[in-house]
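Colleague: The primary structure of each chain is shown beneath.
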Amino acid sequence: MDLSLSTRTVGDRTIVDVGGEIDVYTAPKLREQLVELVNDGNFHLVVDMERVEFLDSTGLGVLVGGLKRVRAHEGSLRLVCNQERILKIFRITGLTKVFPIHNSVDEAVAATD
Amino acid sequence: MATVELRFSALPEHVRTARLVAAAVARRAGVDEAVLDEVRLAVGEACSRAVGLHQRSGLDSPVRVALCEDEKSFSIEVGDDASAVRAVPGARGREAAESAQEPPAEAEVDMGLAVISGLVDDVEVSADERGGLIRMSWPTTTAAVLP
Numbered sequence: 001m002d003l004s005l006s007t008r009t010v011g012d013r014t015i016v017d018v019g020g021e022i023d024v025y026t027a028p029k030l031r032e033q034l035v036e037l038v039n040d041g042n043f044h045l046v047v048d049m050e051r052v053e054f055l056d057s058t059g060l061g062v063l064v065g066g067l068k069r070v071r072a073h074e075g076s077l078r079l080v081c082n083q084e085r086i087l088k089i090f091r092i093t094g095l096t097k098v099f100p101i102h103n104s105v106d107e108a109v110a111a112t113d
Numbered sequence: 114m115a116t117v118e119l120r121f122s123a124l125p126e127h128v129r130t131a132r133l134v135a136a137a138v139a140r141r142a143g144v145d146e147a148v149l150d151e152v153r154l155a156v157g158e159a160c161s162r163a164v165g166l167h168q169r170s171g172l173d174s175p176v177r178v179a180l181c182e183d184e185k186s187f188s189i190e191v192g193d194d195a196s197a198v199r200a201v202p203g204a205r206g207r208e209a210a211e212s213a214q215e216p217p218a219e220a221e222v223d224m225g226l227a228v229i230s231g232l233v234d235d236v237e238v239s240a241d242e243r244g245g246l247i248r249m250s251w252p253t254t255t256a257a258v259l260p
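For the record, the sequence lines run as chains R and S. The numbering of the first sequence is my numbering, which starts it at 1 and goes up by one. The numbering of the second sequence is my numbering, which starts it at 114 and goes up by one.
Hint data in this document are derived by calculation from the structure and do not stem from the laboratory. Hints may be right or wrong, so weigh each one.
Okay, derived cross-link-like pairs now, SDA-like style, lysine to any residue, Cα gap no bigger than 20 Å in a straight line [stated by the list, open to error]:
hint, chain 1, residue 1, chain 2, residue 2
1, R, K29, S, R129
2, R, K88, S, L232
3, R, K29, S, T130
In silico negatives: residues of chain R with every beta carbon more than 12 Å from chain S [stated by the list, open to error]:
hint, residue
4, K97
5, E107
6, V109
No residue lacks a Cβ here, since even glycine has one placed at the ideal position from N, Cα and C.
Start from the sequences and build out the full structure, keeping to the hints where you can.
Modeller: Next up, the structure:
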């Protein structure tokens, strides 16, 4: 399955719904989306990964890149993920310490720290 | 001879195919269902890394994947042809100096290896005159799944 992307706004947060597979082939599309959002002045992003079926290190690299971009504007990038197989990749690479990971979009939108 | 061998042009769009084939052969070999996600991710990382090495080195040759089933284990070997480039004295340094515009790719290569070593207990990374080779293996439970 290919990558699917859609965005919506909740208050001052921009939710990016990601579905399908994020790998070496599809990750550039996600990178473009994040770059475009930041260039358009959206600095508080919530990436909803509940429908992501596969994520590899290329995808992680894109998310880290997104985090760097929003931080340059004192923004935030929060992830929503409950899937153990996806969370495992964040743990292996130590990125659970880098990204705030939430159980739901509502929780991520409400978070301020 | 390997149970199944794949050779694919070093293009990102073919990595998914390698993942699907590896998972299918692993399942048939008796690798536990719970481990198939790890097999899929690990072979994807190894192939992505090889594709990146071939592309950055301007190599036209294919990436090689060998899937081997034996009585007690299932193994995957992913081979690249990039060692010739790496072996050139000073090539690494020159590449590093020139790649100021491309540090993310290097970082992703390293993160791929980190994911593999974090996922797979039995992994060897080696190199020969042809290129680099990542070998990974998993135990099979064929006896347990037989009726």
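Colleague: For the pair supplied as a hint, K29 (chain R) and R129 (chain S), confirm whether the alpha-carbon distance does not exceed 20 Å.
Modeller: This hinted pair holds, its Cα atoms lying about 16 Å apart.
Colleague: Confirm or reject the statement that V109 (chain R) sits farther than 12 Å, beta carbon to beta carbon, from all of chain S.
Modeller: The assertion about V109 (chain R) holds, with a minimum of 29 Å to chain S.
Colleague: Tell me if the straight-line CA distance from K29 (chain R) to T130 (chain S) falls inside 20 Å.
Modeller: Holds - the C-alpha atoms of T130 (chain S) and K29 (chain R) are around 19 Å apart, at most 20 Å.
Colleague: Holds or violated: K88 (chain R) and L232 (chain S), Cα atoms, limit 20 Å.
Modeller: Cα-Cα ~9 Å, so holds.
Colleague: Against chain S, does K97 (chain R) hold up as non-interface, every C-beta pair farther apart than 12 Å?
Modeller: The claim stands: K97 (chain R) keeps its Cβ more than 12 Å from every Cβ of chain S (closest is about 14 Å).
Colleague: Far enough from chain S: is every CB of that chain over 12 Å from the CB of E107 (chain R)?
Modeller: holds (26 Å)
Checked against the numbered hints above, the structure breaks none of them.
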